[in-house]
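> The residues making up each chain are set out below.
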Amino acid sequence: MATAVKDDVKKRRSSQSRARTRLGGDSSIYVTIFVALIAVGLTLGPILFLGLGGFRTNGQIAEDPTGLPNPWVWQNYWDILTGSTFWEFTLNSAIISIATTAGVVLFGTMAAYPLARYSFRGREGVFLMFTAGLMFPLTVAIFPLFLLLQDLGLGGMWGLIIPQIAFALPVTVIIMRPFLAALPDELEEASFMDGLTRVGFFFRMVLPLARPGMVTVGVLAFLGSWNAYLLPLVMLTGRDAPTTLPLGVTQFQGQNAANFAGIMAYTFLAMIPALVFFLMMEKRIVDGLSGAVKG
Amino acid sequence: MTALEASGTGTGPATDAKASVAGSTPVTPAAYNPRRDRRRKWLEIVIFVGPALLLFLVFVIFPMIMAARYSLYKWDSRQPFELAEFIGFDNYTRALMGGTDPETKEIFWKAYAQPFWNAVGNNAQIIALSMLVQLPIAMIIALVLNRKFPGRSSVRLIIFAPYVLSEVVAGLMWLMLLDPRGPVTEMLAAIGISDPAGGWLEDPQAGFWTFFFIVSWKYIGLAIILFLAGLSGVPPELQEAASIDGASWWQVQWRINIPLIGPTVRVWAFLSIIGSIQLFDMAWVLNKGGSTGQYSTIATLMVDIGTQRNDGGYASALAIIMFIFSMVAAITYMTIVMRRDNGARAGKGA
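For the record, the sequence lines run as chains A and B.
When the letters of the first sequence are read in order and numbered with the UniProt record's numbering, they come out as residues 1 to 295.
When the letters of the second sequence are read in order and numbered with the UniProt record's numbering, they come out as residues 1 to 350.
Calculated from the structure, these hints are not laboratory results.
Among the clues, some could well be false.
[What the hints assert, rightly or not] Coverage of chain A stretches by chain B, computed from C-beta distances (three or more under 8 Å per stretch; other residues unrestricted):
no.	region
1	82-92
2	159-167
3	213-225
[What the hints assert, rightly or not] Mimicking DSS-like on lysine-lysine, the simulated pairs with C-alpha atoms at most 30 Å apart in a straight line are:
no.	chain 1	residue 1	chain 2	residue 2
4	B	K148	B	K74
5	B	K288	B	K218
6	A	K283	B	K288
7	B	K74	B	K288
8	B	K74	A	K283
[Claimed, not checked] A partial selection of chain B residues facing chain A, derived with a Cβ cut-off under 10 Å:
no.	residue
9	Q125
10	L129
11	V133
12	W209
13	I220
14	D281
15	I320
Nothing here was measured: the structure is a model prediction, and the numbers come from that model.
From the three backbone atoms N, C-alpha and C, an ideal C-beta is built for every residue, glycine too.
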């Protein structure tokens, strides 16, 4: 029962929410709106407060911590946006996240293809190993990984990109395999009849058809990499590596501990790229997460 | 395409050996072109799976194995990350039981076992509170919001937003807002709630609860969105039929909606438990678990020891203990709680 229901979720989600009945009568809509407003206030309130705090001076904040900017001061934001480090850190984060995402999607989809559509000895073993990889968090392996990367001379951005790809592969392979397995066999037979090799089939048919799955996996990989903290934190000790945005924010906070308003502005600016990305990709992220949960 | 093939062949030998170990007598696929050469097929498999498998083995599996190995060694603290001496399970017994130093006869319960068990207790409390506090709140919000109302999609969007923020910026934001001279303190003071002596985060008692509040702020949106996604899959006919039969709103939720999104809830709980065991970023950003470890976790303890005290052996032992906790929790949960969901799925023949 529950399983049958679950399978229909994607197809019926939009039509159903429109058709949802008003259970419990009309006046209860106010309860709903009340709960929604509280939830929105608790979520958005702190973020807005942070953003507004950036428009104040330290003097204003010390005098009246809860007040609104009066007058509005643009200096904090201006200083950060005209300084070099914020843009440098953002660019570093962007390069690392894009490279990580590309690697995860490419290698993950490639690996999932034979695991989904070839039959060979050891296939389930390899898949099981990737599955087990879900249980191996970066946290557990962080120090040996640090030593390994040092031994291999993988510093700088590669020292972040390559391990991030490796650790994102398990979830990618697990999401992509059923996706690729669901492509109809007839398509493959027809392609072979038309003279495509299996490799050709992968590039000409699988990659275009699997794009929705790849976007989902890619979005999750991008967010994971963009928000990563532990790996940059450990990798950046005592070396001249590129600082990422999350690490840059903590550095700014450490160096400007007394500059309350400045930290608020910096932190708020650091939130914006992720929030914009989220607004663009909201549906993909939610579908990806609920898909991963259901799968 | 050329770069792709180059990387494939470049990683060929290592994985080829691996693959031939895994399957010495490859089976020709009957469904596909039967004339295709077996060698050709294996080459394709190696090209496709090779890069991913190589990355995975080198950067995930190998460090995991090394962590297990390092955990049996004593480190030379003067030379960071240098193995000094094989000491068996000493690092583990230190964490679990404390013990005495063979040279100085000093009892180091305080130095090792006490912070460890404190962190384990914090991790355990976060797991328990996630189930007892976050789950009911998220469920109620999801059930109430599971209907049509003005601005619904914007509300869902906003509730979910904290989940996509990095823990670092979310943590720093709360650090600012909760500062003893900050806005939250002032606002609460205005309604008669005075801040604890050391501030909301630093207080030995209140600190943990403040931390749990911040973690909940960050992660409850995920639960709500997942539950709402599950609820949108419940057939409206069921709810209509029940309400026509005279069931109250609450009865419809309790008898129909909650049971039907059971699988979603159980998977969320699974993710939450594993996430709670491995919690690191947020606690680290907020003053490294607190000055008295009031919200330290096994992971913050591990990173603290690994980076500040350069005791990689002991840090590795903590990493392995954390891994074992995750593993045991995962296996226990899957066999006891999620078995029926998997059974249902298998029964469907998926």
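> Let me make sure I understand: some of the numbered hints might not hold for this structure. Which ones are they, in numerical order?
1, 3, 4, 6, 8, 9, 10, 11 and 12
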